[in-house]
Amino acid sequence: MSYVVEGSSGPWEVVIGLEVHAQVVSRAKLFSGAATAFGAEPNTQVSFVDAAFPGMLPVINGVCVAQAVRTGLGLDAQINLVSRFDRKNYFYADLPAGYQISQYQHPIVGAGSVEIELADGSTRRIGVTRLHLEQDAGKSLHDQHPGKSYIDLNRAGVALMEIVSEPDLRSPEEAGAYLRKLRTILRYLGTCDGNMEEGSLRADVNVSVRRHGEPFRTRCEVKNVNSVRYVMQAIEAEAKRQVAVWEDGGTVGQETRLYDVARGATRAMRSKEDAHDYRYFPDPDLLPLVLDAAWVAELGRHLPELPDAKRARFMRDYGLPAYDSAVLVAEQATADFYETVARGRDARLAANWVIGDLFAAFNRTGRGIEDSPVAAAALGELLDLMADGTINGRIAKDVFELMVETGEAPGAIVESRGLRQVTDTGAIDAAIAAVLTANADKLAEYRSGKDKLFGFFVGQTIKSMAGKANPALVNEALKRALG
Amino acid sequence: MSLDPATVRRIGKLARIRLAEPEVVALGAELNGILGWIEQLNEVDIDGIEPLAGAAQMALRWRDDVVTEGGMRDALLANAPDREGDFFAVPKVVE
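The listed protein sequences derive, respectively, from chains A and B.
Per our numbering, numbering through the first sequence is continuous, rising by one, with the last residue being 483.
Per our numbering, numbering through the second sequence is continuous, rising by one, with the last residue being 95.
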């Protein structure tokens, strides 16, 4: 079912393209030796190049180049062995040089693609137009002083990858799935930490609407949206606004807008009225960036297993459903955790425990896979205790909760709290006899044909044995007793 | 190619240069002179010649990913027209 905005005159299709700015993982900046670490004291990670002092010359950081190439390879994209840097000119207080060094006509990475998975289980391949390297700007603080803005240049000059998608996305859901998938790929590659709260990943969203089958209409760009949820909300709000404009007989003009989270609406950015005339020209301080094909191939050989390949392997080797596989590979750390638990064990059972019980424990404790309250080896040990019959599945849930609470090993918990499964048929028979005596009325009903009560007796028996009875043995013994 | 006064005003605005009307005329003439001079280059036949990025036939130099600079806030801020605490200060940018 395709997504449409219902206008008063009928349905409208939404056309979306994303420009994602991903901060490159590197120690030093793109063209200087200043540090990139987040959260440093203001203006302490700034070189004279970053502050655009006269006479300073940029020298490119080789690791930033490698990160861009690795990202390109991870997006199945064309790597351009010759690319160039251009100056993108605009005035803003946090851009000391008056221009951003970027790549305009000759980006380092050309066309690629990202496969997205949707809630209904379908997949779509979304085109990536290009990826280029550029400098980040500094940070302006507008709320510190009534008449002044404060400028911190720590971020100025940090390497960014701008990843531009084709206008292939057709709904907020698809845009959200694309952004999440791109983030996962970047994190697997280790080329961007994907931390949206710290601004390591930000999106500009291009939105237009049209009648089905029409060519594209004019688009608006919603700048600097910094969460998946806001991207989805901004698209919905902007698409509705444009539909209303068209249906009122108006015209949508190309402009830059901001998403106002509090109002749930977009508004025009006045300062960007002239922003589309950047007067790009080749940066005379920088020669063309020429890559060695063998070096690029070498980077390709050392890429990690990427999420799509890992998901396919989980489905094939562990027999997991597509959905479970997608959930497990969304974060590399989760996939690693799962594989530690699953290795040599019932892989589907392991998936259920990780996705079900472990994730529930994360929600409850506010912790995550990086500081999991239960180690992968310990969860594996718990599965072993079930597999060899030491405990039953119900007790395993209790043991797991105790593991989360106390951090103790499952074996120790079972021993210290006497949770071993009772397989002594004599004890089970005795418990059954007691249950049948105490429930003589139910027994009579059962005998007069109410078969469903069998489950009731099983439950009562196990309960009377503090949950520790082996359910299969209780079933057998009950059948004998009632038979 | 010739620049009209509106284009000259727009170039001035993009460059953040306030131009009085007589200056628009004078600058327009100067810019047109420069453009005319550049246009002479179009007379050169460049068929089959690769674009040249620079006179020196050398490759772009790469630096290692090592932190070599930083921690010089006072030196950076010393030349700033205005500072507040650890920040550069500029007239408020309203958005």
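Treat the hints as calculated values from the structure; they're not laboratory data.
Quantities reported herein were computed from a predicted structural model and do not represent experimental measurements.
Check before you lean on any hint, since a few could be wrong.
Selected chain A positions facing chain B (in silico; Cβ < 8 Å) [claimed, not checked]: (1) 27; (2) 41; (3) 45; (4) 62.
Label-pair ranges, simulated between beta-carbon atoms [said to hold, decoys possible]: (5) B:15 with A:104: 12 to 22 Å; (6) B:86 with A:197: 17 to 27 Å; (7) B:31 with A:143: 35 to 45 Å; (8) A:245 with B:74: 48 to 58 Å; (9) A:104 with B:35: 19 to 29 Å; (10) A:250 with B:62: 27 to 37 Å; (11) B:25 with A:277: 38 to 48 Å; (12) A:105 with B:35: 19 to 29 Å; (13) B:59 with A:104: 18 to 28 Å; (14) A:105 with B:59: 52 to 62 Å; (15) B:23 with A:304: 54 to 64 Å.
Here are the simulated PhoX-like cross-link-like pairs (lysine-lysine), alpha carbons at most 25 Å apart as the crow flies [to be verified]: (16) B:13 with A:223; (17) B:13 with A:310; (18) A:452 with B:92; (19) A:223 with A:88; (20) A:442 with A:479; (21) B:92 with B:13; (22) A:181 with A:310; (23) B:92 with A:148.
All residues carry an ideal CB built from backbone N, CA and C; glycine is no exception.
For the pair supplied as a hint, residue 223 (chain A) and residue 88 (chain A), is the alpha-carbon distance within the 25 Å limit?
-> holds, 17 Å
Regarding the pair residue 452 (chain A) and residue 92 (chain B), is the alpha-carbon distance no greater than 25 Å?
-> With Cα atoms ~76 Å apart, residue 452 (chain A) and residue 92 (chain B) exceed 25 Å; violated.
Within 25 Å, alpha carbon to alpha carbon, are residue 181 (chain A) and residue 310 (chain A)?
-> holds, 13 Å
Given the hint that residue 92 (chain B) pairs with residue 13 (chain B), does the C-alpha gap stay at or below 25 Å?
-> holds, 20 Å
Does residue 41 (chain A) meet its interface restraint, that is, does its C-beta lie within less than 8 Å of any C-beta in chain B?
-> This hint holds: residue 41 (chain A) lies near chain B, its Cβ roughly 7 Å from the closest one there, short of 8 Å.
Given a hinted range of 18 to 28 Å, is it respected by the beta-carbon distance of residue 59 (chain B) and residue 104 (chain A)?
-> holds, 21 Å
Agreement of hint residue 45 (chain A) with chain B interface, Cβ distance less than 8 Å = It holds, given that the least Cβ distance between residue 45 (chain A) and chain B is near 5 Å, below 8 Å.
Is the distance from the Cβ of residue 245 (chain A) to the Cβ of residue 74 (chain B) consistent with 48 to 58 Å?
-> holds, 52 Å
Straight-line Cα separation of residue 92 (chain B) and residue 148 (chain A) no greater than 25 Å?
-> Holds, at about 4 Å.
Range hint 17 to 27 Å: satisfied by the CB atoms of residue 86 (chain B) and residue 197 (chain A)?
-> Between residue 86 (chain B) and residue 197 (chain A), where Cβ atoms are some 23 Å apart, the hint holds.
Please verify that hint: residue 27 (chain A), Cβ, nearest Cβ of chain B, below 8 Å or not.
-> holds, 5 Å
Mind checking the alpha carbons of residue 13 (chain B) and residue 310 (chain A) for me, to see if they're no more than 25 Å apart?
-> violated, 53 Å
Checked against the numbered hints given earlier, this structure breaks hints 10, 11, 14, 17, 18; the rest are met.
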